[in-house]
Every structure is written in structure tokens, then in C-alpha cells.
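Protein sequences appear in the order of chains B and F.
Convert by adding 73 to the 1-based position in the first sequence; the result is the number in the numbering used here.
Convert by adding 5 to the 1-based position in the second sequence; the result is the number in the numbering used here.
Since the hints were derived computationally from the structure, they do not count as laboratory data.
Be a bit skeptical, because a hint or two may be false.
Cβ-Cβ distance ranges computed for the label pairs, FRET-style [what the hints assert, rightly or not]:
hint, chain 1, residue 1, chain 2, residue 2, range
1, B, Gly-79, F, Ala-210, 36 to 42 Å
2, B, Ser-271, F, Gly-169, 54 to 60 Å
3, F, Lys-8, B, Ala-224, 56 to 62 Å
4, B, Ala-194, F, Ile-86, 47 to 53 Å
5, F, Ala-316, B, Ser-143, 46 to 52 Å
6, F, Pro-363, B, Ala-109, 52 to 58 Å
7, F, Ser-133, B, Ala-109, 42 to 48 Å
8, B, Ala-234, F, Ile-86, 49 to 55 Å
Keep in mind the model is a prediction, meaning the values are calculated, not measured.
In this text, a Cβ means the ideal position worked out from N, Cα and C, and glycines have one as well.
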Amino acid sequence: MPNQNGSLYGLTILSPIIDDENATPSHDLQIRDYLAQLSTREDSPFAMAPGTHLARLVVMDDVIYVGMPSCEEHLKSKYLVFESNCDGDLDTYLGGLADAIPTHLDGIWGHCVGYPKQGAADRQAFIHYMKACQLETTFYFAAVNDKSVPATLKALQIQTAVADFIASHQGADPATLQREFIDFAAHLRAQPAPPPGSLGPHRTIETGGHNE
Amino acid sequence: MSKLNASDIQGFVLRGYNLPVARYLFLRLEDAKRGRYLVRRLLGQITTGQRWDGGKPSVTLNIGFTFRGLERLELPLATLITFPVEFQQGMKQRAGILNDTGINAPDHWDPLWRDEHVHVWLGINGQSVEALDSCQAAVQLALDETGGATLLATQEAAAKVVDGAPTTAEHFGFTDGFGNPEYLGVERSSQPGQGKLLDDGKTWAPLATGELLLGYADEAGELPVAPVPHLLASNGTFMVYRKLHQNLATFREWLDQQSASYGGGKEKLAAKLIGRWRDGTPIELSPDAPDFPMTQDPNRSTNFTYAADAAGTRCPMGAHIRRVHPRDAFGFNGKLINRRRITRRGLPYGSFASEDQPVADTDDRGVIFMALNASISRQFEFVQQQWIQYGNDSHLGNDKDALMGNHGGHGRLVIQGDATPANPPFVCSHLPDFVELRGGDYFFLPSITALGMIAMELVDPR
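Bound conformation, chain F alone (with noise of 0.2 Å):
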């Protein structure tokens, strides 16, 4: 098993910060000797993935690098040229791929991704708003000493705050965060239907190191590509940013009418659309009911299959949790989805509105998706293109995944059901966009040592 050094790799790679309050940074490098310089001045306080035996901080700091970034601070030709293809073009140009078309474009992208090129994201995520801005001075202060890079923007996340404590709830209700998965040798508690599953289809494993971290085996049992020199690579790992703005109104306008006509109700049609009950509850093991104990339960909460649901009356084929996850739902004990896994970060942004308050699709709140992931192509991008923007795996024909897809005003979502009243087959048609990008890039994620090497010009590919 792979040993890993989590004072090596940053904190944020390692784990949920489960922090309420985040701020993300956007610089600009000016040029490469005062960026380097820029860079060492943060060295010391990026937050490490060592354990915090003294309870949490009070805020914490990681840092990334889109490819133009590393341009600016001057990496060698010969290290650049090695970074995998879909890095180096950025999200922008990936638009085609990922289907980042229509009102996804990027001509409709916030005017920092569409206008600017960032060069690094800070994230900085906090016990408070206090914290973020004590957090954020000290990192102005760097910028100003060094005059290493421009602040272009900022963009504030926070979690919701019921009752004093964070939850993981987004802006359509939903309890989020359940599927991130295990890797070996990252300390973390263990919980069944977080790795992979083993060949007899029930008990689940870590996944390998390498499909997070670059410098170990993946599941293939090789070393991710990478850029050379090797331990300018080992521990890093490759991060998607995509700010997904979220149209409540017209979500909740669409379940309103569309549950009207479909006999198991409001918050069952809302159940089937995700795959989990709004309070989390997966509908594959509960599909009558939420039942929020089994949310708080490790060992229920994303222990489940799909092998005896094949025809999808608990769960829909084309609920969002199975075709992004979907488990054993293709066969071969899950063989075929365990190179296309991803670590989500992220937190929304933007006011929360509860049920009784009028809301607007124009009003500022979404979701900041960041993925986790040691190769962008054969793990994000492939998800994107192939099981949320099309439906073939899925036996969904050219279905998209109903909450995420570019629709257009044409998606279509079937949900299997049964002969009893309470759990009809029910087509829904015409879907609207419920989700809409905003802009985000593609962000190198490097270890402590390669921080170091960045800062003191050592990055030698020979």
C-alpha cells in the first residue's frame, strides 16, 4: 500500500475541509522572478494534509496553477511541454468536449474566465468571514511586497448554517457531498460504497493513490502522465474549477408543474431526479420514504448497488447519482468506472432562499464544483462528455443528465416505475437548464516540494 507523507501534499487534495466559510483568490502573475518570489512568501503557510491533532484552524490556504500560470513563472520548456494536452489548453478551449456550448459557452462565462487569464487560484477557507479577510490581508500583503502577481478577483462560498453548525445543503435542497471516494493510504474514516467494489460486488476498497495523486499507481497499475521531472509532480494533482450557477426559480416552477402530474408526488419526483431524498436519504435503498437516521449511518448512507434495481423502478437509470456514480449499474462488479472517479471540493454561493422565499433565476447563487482528479480527461472530462452530456452507458440514448445537462429546452428525463400508484413510470419532457456554467479552468495542484522548487527556480527536467 501506498505510504504517503501528508505533510508533502496539500491539505484541500487530502480532505474536505468541512470548513462553513471559503474565499477563492484569482491572481494574475506579473512576471516570473517576482512571482517566484510571490510564491516562497506563501510557501510557508499553504495548509498541509497532516493531521490536525489540535483541532481545526481557523483557516486554511492552498494554492493552484493553470498551465499559463506556469508559463508566466517560467518552467522549463522541457517541463512544460509534458503536462497532459487538456492542461495545457485550459477549460476554455476544451468547450467542445465538454459540451460548453450554447448558454454554456464561454462568450457567456463571467468576465474574469472569459475576459482575463488566471494564473493562480488561492483557496482559502475559514471557521469565519473574520478569518477569510484576516487570511486574505496576509496574502495582499505578499502580493504588495513582492509585487508578484494582481488580485483580478475574488468569489466568496459558504456553506448553509442551520442551527449554528455548517451543513452540506445546496440551493435546490438537496443534501450534498456523499460520493467522494477513498484512495489507499490516505487517512481518512473508511465507509462502504466510498472506493471500489470488490469482485464479489459488495464489500468496497480504497481506490489507488495514483487516480488522485500523481506519482503512484492507478488502477491500471501505472503512473498517471505526468510532467517531468518526476517530483515535480509526485503528490500534486490536477483540479477542475467550474462556478455552476444554479436557476432556482425555474426549478422550482418545474417541480411544482411537473409533480401535478406525476403520481408519487413532489418530493418523490424530486427524489428521483437525484437519486437521494432531499435530506440525502439514497432512493435506492429507501424508495418510499426519507429516512434520516440511515443519512447519518456510515455504514448505510452510500452502501448500496444497483444490481438488483437493473430496470431502475427505485432508482431512475438516468437519476443524476447513478450516471455519475453508477456503481455496478454497467456490469463486471463496477469494473468500468473505477478509472473514472473524482474528488469534489466545493462549496455554493450566493444567499440560500427557503422554501416560502420568492426567488429570481437572475439572483447570484450556485455551486463552486471543484474536482479533484490525476487525469482531467480520463476522469472529468469523461464524466462530463460521456455520462452527464449523453446517455449511451446509461442505455439512455442521447439523454443528458437531467439536473446537469445542456438542454437547451429539449432534455428528457425517464423514470422507471411499477405498477403501484405511488411509483408510476413518468417521462419528463422539455427540460429547462436547471444549471448553467459560469466560467472555471483547469488547475495544477503541486506538492509542498514542488511549491519549493517552483519558488527557488530548481524545476530541472533533465
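Chain B extracted, bound-state conformation (with noise of 0.2 Å):
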């Protein structure tokens, strides 16, 4: 099965942690303080750059021994797992997020095996190692219906403003209802698509595994 579906890409990237008996703390716990203080909203280095749908990072440790019959096994390295749902083109995405975010992605990845010397500095470098870490994405969430970030976002957008709309206008006359209309059609039109993770509700908890 391929890693794209349609225009939306399935993107999974392992990357091991490098293993330096020195370092303290050890680089698998420094990546995880980094990805714990990271926001899940507007400002997300995810949704800062360009093309994500959703993304997960995860540090894997190792395999877990879950008891008889199963025969302890190891792997040989600790992981950091990059899932994304991206807008494809993969070089074009994974070069956004070099051009955006390099501080964070240095941060992050700067702690794994083989990540390039400038970090995402070197933009050809970055997308080179990457790639290089790559798998092929078997199955993913594909709930986004072929239509990329901005698009969706400018649709949440109209989708929003358009009840907004209606229950606003609800019995008005014809003639009103359709000159108002196209005052606000033209408006909407003009609106730039609100910024990716500022459309969820605004709850005093964030959903990033702090709290529940």
C-alpha cells in the first residue's frame, strides 16, 4: 500500500535516539521533556509550518515483555516515532518544516542518530536524513477528504461563518437576506483561512496528556 492516498500523505519516520552512556539527562528523556512542553494550539510548531493535518511524536523505549508465551525480544536502539498526515509532496513538506520550525526540529531530532550536523539549517541535508529514516505508512487515519490544510481550514472557516449567518438573519426579508448576502460572500471571500489549531473549542485543559 502506498504512503499517499489522494493528495493527503502518510508520512512515519523512525529515527533512533542516540545512546550515549555520558549524557545526562540521557537524549530519549531530553526529547521527551522537549515534546511535553510543546503546545497543542495555534502555536505548535506543527501548525506553524506548512501541510500538517495531524501529527504524533513518540519516543519508544523498547518492546515491552507482555508475559508467556511471548519470548522476550529487544530492539536495538531507543526510537523517535514522527507520524504526520501531510498535504504530498513529500520533499515540498518536509522542506516547509525546515524553512518554518528549524529551532524545534533541531531540538527534537537533534537528540537521534545520524541527524545532519547544521540541522535544518541545511535544508537539503534535513530532508535527505528524513527521507532516509522513512518507512512505508501501511494505514492512516485518512478523515480529511482529499483536500489540503488551507483548504480545510478555509472551509471550517465559511462552515463557521455561514451559520453564523443564517442564525443571525433568520427571517429576514428577500430582498435584505440577498443583499446581505453578497456583502458577506464578498467579505468571506476576502478573509484570510484562520491559522491551523485555532478552531478547536477553547477548553481550560489541553488534551496533550498532562491532564487526563
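Take each chain as given, in its own frame, and dock them per the hints.
Below is the structure:
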């Protein structure tokens, strides 16, 4: 099964984490610490960079022994797993990450084996590194209707605005309705799409795993 | 099928007593030894789930403990730490997760819930206030003689009585109490629509016992998360207690104002909000008018699905009963909801006001909401967080449940409609808060055996 489904790309990257017994705290803990500080809203790095529908980062330490009759197995390394549902083409997406959030990328992948010396500042080396760590994605969350991130955000914006327009114009006479709808539609068309990560419910807790 | 020992399960867990009045007593335990002595004194008076072959008793008594109460009774630490985290935290600390914020935040709760630590809930249901009084007097005697606990507060509750018979009406004028699930092994007259849907999408069967009671397999075929030892948990359950104040004046004013521009009229708007006409007729089955005989017919009153109404033109997707009990609305013949069901007990409090009687939001009236479930986080908290305070599962974006949502003046309810003049699409915006939380907590309702173990200091986690 391919990585691509329509315009949506299912990216899976598995990066071995540096195993250095002299590092304190260890590199895997430093990644965990960095990830735990990241926002899940507009200021998430994956909202600031273009093209991400959904991204997940996981530090995978080892395979857990589950008891008989399973045999005891271990990974050769600790890994950082990066899964992203993004707008394909892959080079454009990875290049977009390198351009928009180089500091974050270095803060995360800088703890991984083989990461470019110059970090994401070396755009080509970064893309090459990420692709070298790529696995084929065989099955992924595909609930975005084959629309790009900007198109999805625009659609959500239109849905919200039209719902508000309907709510505030119920019972209006046809002439008023038409006139105001024309204005409304022109105004809406001119609006920029809302930023990624901004349309969720405003809750007092974040669903980043800290509170639930 | 699970064979239940009804005499070991608290009666309140197995059945709605359908008694007209109730009083809830909230206690603070004074110390472990005297507290245990008090539990032992009350043990023989706790109403079990045994059948009432000789007719209903005049009064019933049931008991539950908060986590702090169990700590005060000095259950072994190895037992205490095995209780689910949400129960250990209690409802106040779960406010963020439950969206009990703004006007519903703990700072606005009644002093009992805001400032005190409730350890014990005693539920007295009765035929009359005199019966409640005599039961409370017996409890008070036990408190005085053992010195085990102090009575912090009481809460009265009562059904609306019409022609001498208790009803299930609530203050907004709706008939309530249709939706409780059935469970395997619980003896109860069975009716379609109250358990889970089977693969054919039409037949209903009881839910696994472990969705209600600890110690039995649940809908995943697993034992619910429960404290050790097994005997302490088995035949017990968790109860969510929430005092929900109802802003009746706001509700009436809103309904009058909105229905003035709604083509279906006032009563249909009220029905669209809830999913049932005020007399209880499901709008899914009878979209144009109430049908009282249907509400009295157990083969029809809860026997419906939403598969043929995917667009919500009969019962809106945001109607209260469709949100909190979606049946098959999410597809897969309802399989996605079988682990999210709760059993509701509870009664209204405060005086009932007829339609022509003036009312104010400050009048003390509302409903004592009590929900029983094996897992508070998986069942009650999920329903509250995802289906009441959020709309994604119902394809309603960020909209909250119109009736129960914590709107802060920004709520919205979309009523889907069709091209007929009597059923137009309609959007209600700037929804006010019809209901406000005034406090509550999470309680463990042990089995009769477990109560005895607590009383006799026999809880042994090893």
C-alpha cells in the first residue's frame, strides 16, 4: 500500500535516538522533555509550519515483555517515531518544516543518530536525513476528505461563518437577505483562512496528555 | 449470564425506587474506629436489592462513601491506592475535565461542596416526609450513640405529585426518566430501547452487568477497574452526585422569545430541544404532535433508532436525548456507545411552578442528578466531556448540549428541518445557561458484604 492517498500523504519516520551513557539526562529523556512542553494549539510547531493535518511524536524505548508465551525481545535502539498526515509532495512538506521551524526540529531530532551537523538549516541534508529514516506507511487516519490543510481551514471558516449568518438572518425579508448575503460572501471571500490549530474548542485543559 | 445475588447489592443500585420523596444526608466521619462502629450500626438498615414481595416499604436507606471517607475509615493504603484516579480525586478536582468552569466552577458551589469534605452520602427514599423523618431520626440516634459522624447538611428532593401519584416530571415541564439501560442479571421488566442494539440494528438486549456493577464482565469482556480485594469491589458501583440548579425563568423566557420566530411553534421547539415532547413522546417516532398513549406503552416509548433520520429532520442531531444516548446515530449498530451508558437515579428539588405562576432564576429548584456506573471516567465523565460539553461525535463541531451545556451566552443549537412550513430549519444562537452546577462528588456504593468488611475492619488487600 502506498504512502499517498489522493493528495494526503501518510508519513512515518523512525529515528534512532543517540545512546550515550555519558549524557545526563539521556537523549531520550531530553526529547520527552522537549515534546512535553509543546503546545497543541496555534503555537504548536506543526501548526506554524505548513501542510500538517495531524502529527504525532512518540519516544519508543523498547518492546515490553508481556509474559508467556511471548519470547523476550528488545529493540536495537530507542527510537523517535514521527507520524504525520500531511499534504504530499514529501520534499515540499519536509522543506516547509525546515524553513518554518528549524529550531524545533533541531531541538527534537538533534538527539537522534545521524541528524545533519548543521541541523535543519541545511535544508537538503535535513530532507535527505528524514527520508533515510522513512518507513512505508500502510494504514493511517484518513478523515480529511482529500482536501489540503488551507482548503480544510477555509471550509471550516466558511461553515462557521455561514452558520452565524443564518442564525443572525432568520426571518429576514428576501431583499435584505440577498443584499446582506452578497456583502457577506464578498467579505468572507476576502478573509484569510484561520491559522491551523485555532478552531478547536476553547477548554481550560489541554489534551496533550498532561491532565487526563 | 451473570446471576446476581440481589440481597448483597444495595437496592438503590438495582432499581429506581419510584418513591415520591427523598432526603440525602451528608456526613463527616469523625474517626476511623467510631466511623466503623457507625457503619456497623447502619448495616442492618441498608436496603438491599431483594424483591419487595410484600409491597413497597415506607422508607429505604442506602449509603455511599467518597474517597476521603474511605481514607477516614482507614482502609489499608494498599486498597485505597487501587481505586480509580478520578474517584480518588473527587469531582471538584475533575472540574477542568468536566468543563465545570465559569459559572459552574467549584467557587460557585454551595458551601457544603465548596468548603466541606463530605465523607458519606445517606440516601433516604420514602412514601412520605414523615417516613423520611423517622428514618433520619434513627440515623441521628446512631450518630449520637456512636459519635462516628457529624451531619453536615441535608438535601430534600421530591417528585411532582399529580392526583396523588408521583410523576417523573421535572421543572422545565418535561417527563423524564425513560432512558435507563438494562443489564444482564438485573431483574427488571424488559423493554425495547433500554439495553444495547444487536447486529440486526433492531433488536435490543441487556448490557453486560460489568457496565453497572464491579466484579462482572463488561461490554469489552473485561472486569471493570476496581479496588482490591475483589470482595470489596464486587457487587458495588460508583455514583456521581450533582446538584443541578435550573434557571426556570430563563428557560421560559427563552422558549417564548425563540418560538415567536420558529414556524413549528413553542411546544415543537421545546420538543426539538430535548428530543421528546413534554409528555415524553419521542419526537423521532411522533414528529408532529405528542402521542400520550405511546409514552405509556413500554414497547414503544423507548423503542426507536436514528438510522432513518441521519440528517436530524425529525429528532435534531443536537437534541438532548440524541446526544446523551445516541443509540445508532454514530453507525455500527450502536456499538460505539455501549461502554458509555449510565444509570440515572435522582429526583427534582424545590417547588414546582405551573406555567402561569411567576418564577425567578433565583428560586431554589433543580434536579438532584445521580448516575451509577462501573467506571466514572469511561462512562459519566466521557458523556459529560464529549457529548454534553462538545459536539464532534454528533457532527456538531464545538456546539454543546443546548440544555445542559456550559454556554456562557455563546451556545448554539441547530434544528435541522425540511421544506414543510411546520418543520423549518432553525438556528438558536446565544443560548443562555439553563442549568447550573451547585456541587456534588463521586461516591463508592459498596455491596452489603463490603460494608460489613469496612465496618468490621476486615478489608485485606493481600
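Outcome of the hint check:
no., hint, in the structure
1, B:Gly-79 - F:Ala-210: 36 to 42 Å, "40 Å, holds"
2, B:Ser-271 - F:Gly-169: 54 to 60 Å, "58 Å, holds"
3, F:Lys-8 - B:Ala-224: 56 to 62 Å, "57 Å, holds"
4, B:Ala-194 - F:Ile-86: 47 to 53 Å, "49 Å, holds"
5, F:Ala-316 - B:Ser-143: 46 to 52 Å, "48 Å, holds"
6, F:Pro-363 - B:Ala-109: 52 to 58 Å, "55 Å, holds"
7, F:Ser-133 - B:Ala-109: 42 to 48 Å, "58 Å, violated"
8, B:Ala-234 - F:Ile-86: 49 to 55 Å, "51 Å, holds"
The structure does not agree with numbered hint 7 stated previously, though it agrees with all others.
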